[in-house]
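J.: With the hints as a guide, bring both chains together as one complex.
In the order they appear, the protein sequences are chains A and B.
Counting with this note's numbering, you get residues 1319 to 1611 for the letters of the first sequence.
Counting with this note's numbering, you get residues 5 to 281 for the letters of the second sequence.
No wet-lab data here; the hints were simulated from the structure.
The C-beta atom is built at its ideal place from N, Cα and C for all residues, glycine as well.
Hints may be right or wrong, so weigh each one.
[To be verified] Covered stretches of chain B (in silico footprint by chain A; criterion: 3 or more residues with CB under 8 Å from a CB of chain A, positions within the stretch not fixed):
(1) 20 to 27
(2) 67 to 77
(3) 235 to 248
[Unchecked claim] From the structure, some residues in chain A lie toward chain B, with a derived Cβ separation under 10 Å:
(4) ALA1344
(5) ARG1346
(6) GLY1373
(7) PRO1375
(8) LEU1379
(9) THR1382
(10) LEU1386
(11) GLY1391
(12) GLU1464
(13) PRO1474
(14) HIS1477
(15) ARG1539
(16) VAL1541
(17) THR1584
(18) ALA1591
[What the hints assert, rightly or not] Far from chain B, by Cβ distances over 12 Å, these chain A residues were calculated:
(19) ALA1471
(20) LYS1478
(21) ALA1567
(22) SER1586
One-letter residues, chain by chain:
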Amino acid sequence: MSTELCGVPLGGPVLNGSGTFDAIAARRAFGDALLERFPFDAFVSKTITLEPRQGNPPPRLWETPAGLVNSIGLPNKGLEGFLSADLPQLAELPVPLVVSVMGYTPQELGTLVERVAARDEVAMVELNVSCPNVESGLVMGADPAETARALEAVRPLTHKPLIVKLTPNATEPAAVAAAAEGAGADAVSLLNTLKGMALDPATRLPWLGGGAGGLSGPAVRAVALEQVASVSSRVGIPVVGMGGVASGADAADFLAAGAHVVAVGTESFRDPAAGARIRAALAAREDMPAPDG
Amino acid sequence: MSLAEARTLAPPERRTAQVVGCEDVGAYRLLSAEDLTGPTDPRPGQFYMLAAAERWGGGASERPYLPRAFSFARAEPLRQGTRLAFLLEEVGPGTGRLAELRPGDGLSLVGPLGLGFRPAREGRRPLLAGGGIGTAPLVCLCDELDDATVLLGFRSAAHAAVAALFGAQPDLATDDGSIGRDGLVTELLAEELQRDRHAEVFACGPPPMLEAVRALCAEREVPAQLAMEAGMACGFGACFGCVVPTRAGFVRLCLDGPVLDAATLETALAPGGGHQG
Chain A
1319 MSTELCGVPL
1329 GGPVLNGSGT
1339 FDAIAARRAF
1349 GDALLERFPF
1359 DAFVSKTITL
1369 EPRQGNPPPR
1379 LWETPAGLVN
1389 SIGLPNKGLE
1399 GFLSADLPQL
1409 AELPVPLVVS
1419 VMGYTPQELG
1429 TLVERVAARD
1439 EVAMVELNVS
1449 CPNVESGLVM
1459 GADPAETARA
1469 LEAVRPLTHK
1479 PLIVKLTPNA
1489 TEPAAVAAAA
1499 EGAGADAVSL
1509 LNTLKGMALD
1519 PATRLPWLGG
1529 GAGGLSGPAV
1539 RAVALEQVAS
1549 VSSRVGIPVV
1559 GMGGVASGAD
1569 AADFLAAGAH
1579 VVAVGTESFR
1589 DPAAGARIRA
1599 ALAAREDMPA
1609 PDG
Chain B
5 MSLAEARTLA
15 PPERRTAQVV
25 GCEDVGAYRL
35 LSAEDLTGPT
45 DPRPGQFYML
55 AAAERWGGGA
65 SERPYLPRAF
75 SFARAEPLRQ
85 GTRLAFLLEE
95 VGPGTGRLAE
105 LRPGDGLSLV
115 GPLGLGFRPA
125 REGRRPLLAG
135 GGIGTAPLVC
145 LCDELDDATV
155 LLGFRSAAHA
165 AVAALFGAQP
175 DLATDDGSIG
185 RDGLVTELLA
195 EELQRDRHAE
205 VFACGPPPML
215 EAVRALCAER
225 EVPAQLAMEA
235 GMACGFGACF
245 GCVVPTRAGF
255 VRLCLDGPVL
265 DAATLETALA
275 PGGGHQG
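Isolated chain B, as found in the complex (with noise of 0.2 Å):
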């Protein structure tokens, strides 16, 4: 890994892991596969292009076509190879078809890709900030630190199973009260600053979350590291598919991201982040 960047590279191709288990967490799916040829060190917030190896296609509306772009919640050396875990929601003919998969079955994936989160500056404490699925990528970095608080935000008790991945004890906050507070992660968030904001954040989740988050930061002038999501057909900086705006222009997310610096985005609402699933 590159000191300068928070990058593990990849193998330049698209290689079969073995699927080890397809599992419910709460409203979400939990994609595990064996990967015996990749690096055995992805850093937390890196992603991988994940498709079946078998009918990937012919579904839904003839799609899907293209791989989709998950970020790994954990990765965990084996023996020989890793342990990669993937958070999955059905949202749509890809994301369908991967929530299929069953123990046996060939999981394609070209990865790790991007950039991951660096560590946090001097001095300051880590606070996570996930929303919904986005949590994904927070569970191992989570894991890599020693004292992180964790705050997560779900739509429902049901999606909020999830926190039961982390290590620590996440704060929780539901859309509808189900369990935790009643409302927003970013409520959470406000507080955790209001009270000691010699922190550094990392976040991912919704664009309309991450916006807020970097609104927060920003005001109370506190860095933040946020993780990213957008349509991408490719995730190695080919397809030029999936570029956001900065305040230095429009940089791929798959190359430069997906872990921007906060400090770097006029607004964390890119237009046009949607994916089609």
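For reference, chain A alone in the conformation it holds in the complex (with noise of 0.2 Å):
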């Protein structure tokens, strides 16, 4: 099952999804049982920012029909709590790092990108566009130029791969990923979580702290397996896919529609060995088309 992602050799093609997975959280819970066991083939951190944040207010999670609303906030250290405190854990990881960054400038980005990008611990770096550039206000996931820009700001700053997590709140997300890939991206993710929201069944009020938040689970996989379909066929760059594989033959219906490698989300949260599970399964399958990379 060994395969590569971007020119990165990879043990399997299963990933963990952005935020899904804290392995430095799982490894005071699990121990180093964790390292020997890892349940994915690249490791994906949770999105940086240049400074800290605290995230959302409380509550942060409303379930749904097989899915999950969170509104969780990007909680993270920040740039420089991140590279002192948490990429040497990370780095003790026994599979690649990828590391996610979210930038409210196409500057500060860069910086994310420069830093993060020049650590040998890191082999890729995933940049999440799923937010306002503070400058145009527009989201800039959402439109292939703001996309295109950004990525020919931090483009020059790093020979290693940059992945682009796409947005599904987009008119067009196979427009945004050849934008993508037009301005030098190696790859592009999704789907990130689509805008959800839920009321308290008591005041009718938002429930969330953060007043809306974003979808994932079971309950997105048959639009997410539209969208990787969708721009497998658009672009030449492999393309990750995700949005509630739960299973292996979910993962296999995945790679089918055109995805390189899958990531598994949500699942995780059900069983911290869901990646583990779906590799095996995988494994397993006969009926798998054979990998094109």
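T.: What follows is the structure in structure tokens.
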């Protein structure tokens, strides 16, 4: 099952979605058994920002039919805190490390990419573009031109692979993917959560502390599959497919739809070993399309 | 187990235990399961993420989807494995499905998770205060202690049947006065602390009760450990959903709790501690 992503060798085709598995926290709960049976073939960090963020006020979660709406708000230690406190611990993981970054301006994104990619422990950088550009007011990843501008700002800063995490909350995700490819992205990953909301049944006021949030889990799988298929048919760079992947059969669907590798997100909340289970189920399948990479 | 932390590590995967009992205890249910491969020494106050192995999902409102967090009430080592007991109250689709389980059914679990109760500080007598379903982690804590005073509050005598699970003889209070004191468990606690304040309080219960315990203990300079609750998706720090505000900012209750030192809290009335049952 070994494969590669953007030239980085991987032991298998299963990653985690950014923000759905905290390997440092999981090691506190599970000890070094986590490293001996690490569930993913590459580890994608939670998104880091330039400055520390404490995240949104609770409540942060709402269970939906076959899914979850979350409003977490990207809590993180900021760039300096990440580099000094988190990166040394993530470097102990037995798989390549992908660091997810988000900037509120192309310059901020540039600082993050330059500082993170310069570290030997980091194999790839993922750009979380699901945030507004505070200068233009546009969500970077919702607009092909904004996405291209962000890529053009950061592409000259590193030779390491850059993955663009696409948001489904765009008019045409495939056009955004094509713009990212044209501006030098090495891969795209999709999908991020779909905008969602829940009301408190007692008051009919927004339940989540952040007001609204993002939907994930099996509830979004059909949407994700279509977007992976349409993006894959539009770009030549590899696609990391995710959105409600909960079984080997789901993962095989995403690969058949054009994904080069898959990522597991919300299913890991239900079973910390979900990634390993899905990888094993995928390896046991005989109807797998031959890898094209 | 780390000496610094009241944490027994969990295997890094979901496993299936076999249900061996699901009986009424007054107004609650006690779900027992044999966990063949997990650790035999979870710390009182630690919790497990539970789900039915079959038909989890597709129930009322097409839920549940996520597992539910439960402190264990008792963990008894078997020749092989551990017999775990959890106290349930049906308050939503998840707890409702768990309450349907029968001997022979599978119980999916991940755990033990979180930080349990620490030993009482030197020279202080343990004083256990529980409210409603929150009495569960105090059962196993009481088993470990020789000389604990146990104070429990319930809605009614039917709920107070849980008191029979305790080895010690608890003092009771009920909202309707149907057994014990007609009033709140915090009234019993105030009297105990009035009598002798060289105690350390171990409390678990609904947020208003925990806040009353926190305020009472702060006023009398009595240390307290509070086992708290928040809706959580994963139980091992992945989802960042279960944060509660402390004096040092948000902490993930699943990782740095569920047992928190009361002195670290401005309030135990955490906004959004609610869950969906």
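J.: Hint by hint, say whether it matches the structure.
T.: These are the hints, each one checked on the structure:
Check on the segment 20 to 27 of chain B: 0 of its residues sit with their Cβ under 8 Å from a Cβ of chain A, so the three-residue criterion for coverage is violated. Coverage of the segment 67 to 77 of chain B by chain A holds [criterion: at least 3 residues with CB-CB distance below 8 Å; count 5]. Check on the segment 235 to 248 of chain B: 14 of its residues sit with their Cβ under 8 Å from a Cβ of chain A, so the three-residue criterion for coverage holds. The restraint placing ALA1344 of chain A at the interface with chain B holds, with a minimum CB-CB distance near 5 Å, inside the 10 Å limit.
Because the beta carbon of ARG1346 of chain A sits about 6 Å from the nearest beta carbon in chain B, less than 10 Å, this interface hint is met. The criterion of a C-beta within 10 Å of any C-beta in chain B is met by GLY1373 of chain A, whose closest approach is roughly 6 Å, and the hint holds. Because the smallest distance between the Cβ of PRO1375 of chain A and any Cβ of chain B comes to about 6 Å, under 10 Å, the interface hint for this residue holds. With 10 Å as the threshold, the beta carbon of LEU1379 of chain A comes within range of chain B, its nearest partner Cβ sitting at about 4 Å, so the hint holds.
Below 10 Å, beta-carbon pairs count as interface contacts, and THR1382 of chain A has one with chain B at about 7 Å; its hint therefore holds. With 10 Å as the threshold, the beta carbon of LEU1386 of chain A comes within range of chain B, its nearest partner Cβ sitting at about 6 Å, so the hint holds. Checking GLY1391 of chain A against chain B by beta carbon gives a least distance of about 9 Å; that is within 10 Å, so the hint holds. Using the Cβ-Cβ criterion of 10 Å, the hint placing GLU1464 of chain A at the interface with chain B is not satisfied: the shortest such distance is roughly 27 Å.
For PRO1474 of chain A, the shortest C-beta to C-beta distance to chain B is roughly 34 Å, which exceeds 10 Å, and the interface hint is violated. Checking HIS1477 of chain A against chain B by beta carbon gives a least distance of about 32 Å; that is not within 10 Å, so the hint is violated. For the restraint placing ARG1539 of chain A at the interface with chain B, the shortest Cβ-Cβ distance is roughly 13 Å, beyond the 10 Å limit, so the hint is violated. For VAL1541 of chain A, the interface hint is violated, since its Cβ never comes within 10 Å of a Cβ in chain B; the closest pair sits about 17 Å apart.
Annotation: interface hint on THR1584 of chain A holds; nearest CB of chain B at approximately 8 Å, less than 10 Å. Hint status for ALA1591 of chain A relative to chain B: holds, with the closest Cβ pair at about 3 Å, below 10 Å. A cut-off of 12 Å between C-beta atoms confirms that ALA1471 of chain A is not in contact with chain B; the least separation is 29 Å. Residue placement check: LYS1478 of chain A keeps its beta carbon more than 12 Å from all beta carbons of chain B (closest about 26 Å).
The Cβ of ALA1567 of chain A lies farther than 12 Å from every Cβ of chain B, with a closest approach of about 16 Å, so its non-interface assignment holds. Not every CB of chain B is more than 12 Å from the CB of SER1586 of chain A (nearest about 6 Å), against its label as outside the interface.
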